[in-house]
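There are 2 protein chains.
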Amino acid sequence: MAREKQDIKQVIIIRKDLKMGTGKIAAQACHASLMSYMEAEKKYKDIVESWLSEGGTKVVVKVNTIEEFDDMKKKLRASGLPFKVVKDAGQTQVLPGTETAIGIGPYYTSDIDKVTSKLSLL
Amino acid sequence: MAREKQDIKQVIIIRKDLKMGTGKIAAQACHASLMSYMEAEKKYKDIVESWLSEGGTKVVVKVNTIEEFDDMKKKLRASGLPFKVVKDAGQTQVLPGTETAIGIGPYYTSDIDKVTSKLSLL
Numbered sequence: 001m002a003r004e005k006q007d008i009k010q011v012i013i014i015r016k017d018l019k020m021g022t023g024k025i026a027a028q029a030c031h032a033s034l035m036s037y038m039e040a041e042k043k044y045k046d047i048v049e050s051w052l053s054e055g056g057t058k059v060v061v062k063v064n065t066i067e068e069f070d071d072m073k074k075k076l077r078a079s080g081l082p083f084k085v086v087k088d089a090g091q092t093q094v095l096p097g098t099e100t101a102i103g104i105g106p107y108y109t110s111d112i113d114k115v116t117s118k119l120s121l122l
Numbered sequence: 123m124a125r126e127k128q129d130i131k132q133v134i135i136i137r138k139d140l141k142m143g144t145g146k147i148a149a150q151a152c153h154a155s156l157m158s159y160m161e162a163e164k165k166y167k168d169i170v171e172s173w174l175s176e177g178g179t180k181v182v183v184k185v186n187t188i189e190e191f192d193d194m195k196k197k198l199r200a201s202g203l204p205f206k207v208v209k210d211a212g213q214t215q216v217l218p219g220t221e222t223a224i225g226i227g228p229y230y231t232s233d234i235d236k237v238t239s240k241l242s243l244l
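So the protein sequences, as listed, match chains A and B. Numbering-wise, my numbering puts 111 at position 111 of the first sequence, and it's gapless, one number per residue. When you read off a place in the second sequence, starting at 1, and then add 122, the result is the number in my numbering.
Warning: the hint list may mix true and false statements.
Said to hold, decoys possible - Computed beta-carbon distance windows for the label pairs:
(1) B:Lys165 - A:Asp71: 30 to 36 Å
(2) A:Lys74 - B:Leu243: 30 to 36 Å
(3) A:Gln91 - B:Ser239: 36 to 42 Å
(4) A:Ala78 - B:Lys195: 41 to 47 Å
FYI, nobody ran anything at the bench for these hints, they're computed from the structure. Every value quoted in this text rests on a predicted model; they were computed, and no experiment measured them. Even for Gly, the Cβ is constructed at its ideal location relative to N, Cα and C.
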């Protein structure tokens, strides 16, 4: 089924409860962005191309607790959206294997918003 | 000429003088990371593949002034390294067209360090 042209974005969710510094947060966001980009590209090449040609909008939001983070993962698995969870090597600031961030999409904004619209901007 | 296996990384340079918030910085870092990844992949597919298979190390550093930022751009152009400068659409926090960040590589750590080794971590 053809879809009408509509907004496409990538959303990055950062765990605030880990108290990571700004540089660490930025690096985790980059991991999430690139991993999710590669995941989306496998399945939705046309959507990813449209997103890139329109500037590649990225929105960075936060969760404040591990419970919120786990709840997001559960909802994302159920949603069918392309996403990736970042597991940090833990060389600095967090323990090895700590999940620090999630990248979602690029995918249609209206579909991502169904899952993430209640999260605040970082 | 074959090169021995060696460390590969991506470096993201953020302009601190713009006083961007953490979420804005993270988004600019993601733009830089993805743009530079795509640039490097065009020319150095093997290097990029090695980097991904080893965890995709990303290091986020800072410059404190526009002069330092412009100096980096000049040195990067002369270096031949794969890199991309992020120009923000300027919808929030900065004026449209403001250059906010630079992504370098993934490329050999030893070559990137020749240009960026004096910069501090963000």
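Against the structure, the hints:
no.	hint	verdict
1	B:Lys165 - A:Asp71: 30 to 36 Å	42 Å, violated
2	A:Lys74 - B:Leu243: 30 to 36 Å	34 Å, holds
3	A:Gln91 - B:Ser239: 36 to 42 Å	19 Å, violated
4	A:Ala78 - B:Lys195: 41 to 47 Å	45 Å, holds
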